[in-house]
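> Residue numbering for the sequence shown follows numbering that gives the first Met the number 0, starting at 0 and increasing by one per position.
To be clear, the hints were calculated from the coordinates, so they are not data collected in a lab. A hint or two may mislead.
[To be verified] Here are the simulated lysine to aspartate or glutamate pairs, DMTMM-like style, with alpha carbons at most 20 Å apart: (1) 117 to 97; (2) 23 to 99; (3) 117 to 155; (4) 120 to 97; (5) 121 to 43; (6) 120 to 49; (7) 70 to 43; (8) 120 to 75; (9) 70 to 34; (10) 117 to 34; (11) 70 to 97; (12) 120 to 79; (13) 120 to 43; (14) 117 to 42; (15) 117 to 13; (16) 121 to 9; (17) 70 to 119; (18) 70 to 49; (19) 117 to 54.
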Amino acid sequence: MTFTTPDLCDDFSDRIQVVEPGFKSLGGTSVFSGEIVTIKCHEDNSMVREQVFRDGYGKVLVVDGGGSLRKALLGDMLAEQAVSNGWQGIIVYGCIRDVEVISQLPLGVQALATHPMKTDKKGLGEVNLPVRFHGTDFVPGHFLYADLNGIVVSSERLA
0 MTFTTPDLCD DFSDRIQVVE PGFKSLGGTS VFSGEIVTIK CHEDNSMVRE QVFRDGYGKV
60 LVVDGGGSLR KALLGDMLAE QAVSNGWQGI IVYGCIRDVE VISQLPLGVQ ALATHPMKTD
120 KKGLGEVNLP VRFHGTDFVP GHFLYADLNG IVVSSERLA
């Protein structure tokens with residue numbers, strides 16, 4: 000699949016939402032897209048762990064961590080598991096860690112920042128509900144497109 004987010008903005012401006020800037024591309028793949036699967040959690044990556052063990056072929060995991068900059072919701076072991084299960088990418092509204100390893104994996108990863116502290120594991124969080132951050136609605140089953148220019152979301156497959 001070949002696309003750029005600027006081209007998607009030019010061709011489909013009436014059918015997309017553009018995520019406000021602030022995310023850093025930290026994975027080994029800078030261009031990725033897929034059907035959205037969402038998680039809402041706060042400083043507990045239990046649901047992230049659960050989801051990366053599921054089939055992710057053609058999907059992007061969108062993790063609404065509330066923008067917390069105090070703990071990392073994704074690390075190298077979970078990112079490696081996501082690759083093993085076919086996930087195209089992971090967007091984290093929060094932090095990740097182990098970027099030296101994650102940057103070498105064939106996985107798109109964008110996050111607000113990095114932080115070395117792991118999360119608590121209390122089994123908290125919700126999966127596959129609409130979430131909103133950075134001016135954008137992320138709805139399970141909609142589609143996300145990301146590259147070094149930014150992130151766009153659409154209710155329909157565009158590319």
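> Hint by hint, note whether the structure agrees.
Hint check:
A hinted pair counts as satisfied when its Cα atoms are at most 20 Å apart, and residue 117 with residue 97 qualifies at roughly 10 Å. A hinted pair counts as satisfied when its Cα atoms are at most 20 Å apart, and residue 23 with residue 99 qualifies at roughly 14 Å. Among the hinted pairs, residue 117 with residue 155 is inconsistent with the structure: their alpha-carbon atoms are about 35 Å apart, more than 20 Å. With a C-alpha separation of about 18 Å, the suggested pair residue 120 and residue 97 falls inside the 20 Å cut-off, and the hint holds.
Distance hint between residue 121 and residue 43 is fulfilled; the C-alpha atoms sit about 7 Å from each other, no more than 20 Å. Simply put, residue 120 and residue 49 have alpha-carbon atoms about 11 Å apart, close enough for the 20 Å limit, and the pair holds. Between residue 70 and residue 43 the CA atoms are separated by roughly 8 Å; this keeps the pair inside 20 Å, and the hint holds. Between residue 120 and residue 75, the direct Cα distance comes to roughly 16 Å. Compliance with the 20 Å bound is thereby established for this hinted pair.
Of the supplied pair hints, the one linking residue 70 and residue 34 is violated, its CA atoms being roughly 26 Å apart against a limit of 20 Å. Among the hinted pairs, residue 117 with residue 34 is inconsistent with the structure: their alpha-carbon atoms are about 27 Å apart, more than 20 Å. Distance hint between residue 70 and residue 97 is fulfilled; the C-alpha atoms sit about 12 Å from each other, no more than 20 Å. Restraint check: the Cα-Cα separation between residue 120 and residue 79 comes to about 19 Å, which is no more than 20 Å; the hinted pair holds.
Taken as a hint, the residue 120 and residue 43 pair is honoured in the structure, with Cα atoms around 5 Å apart against an allowance of 20 Å. The suggested pairing of residue 117 with residue 42 holds, with an alpha-carbon distance near 8 Å, which does not exceed 20 Å. A distance of roughly 40 Å separates the Cα atoms of residue 117 and residue 13; the hinted pair therefore is violated under the 20 Å criterion. Annotation: proposed proximity of residue 121 to residue 9 is violated, straight-line Cα distance about 44 Å (limit 20 Å).
Under the criterion of a C-alpha separation no larger than 20 Å, the hint pairing residue 70 with residue 119 is consistent with the structure, at around 9 Å. The hinted pair formed by residue 70 and residue 49 meets the criterion: a straight-line CA distance of about 18 Å does not exceed 20 Å. Only pairs whose Cα atoms come within 20 Å are accepted, and residue 117 paired with residue 54 is rejected, the gap being roughly 24 Å.
Against the hints set out earlier in the document, violations occur for numbers 3, 9, 10, 15, 16 and 19.
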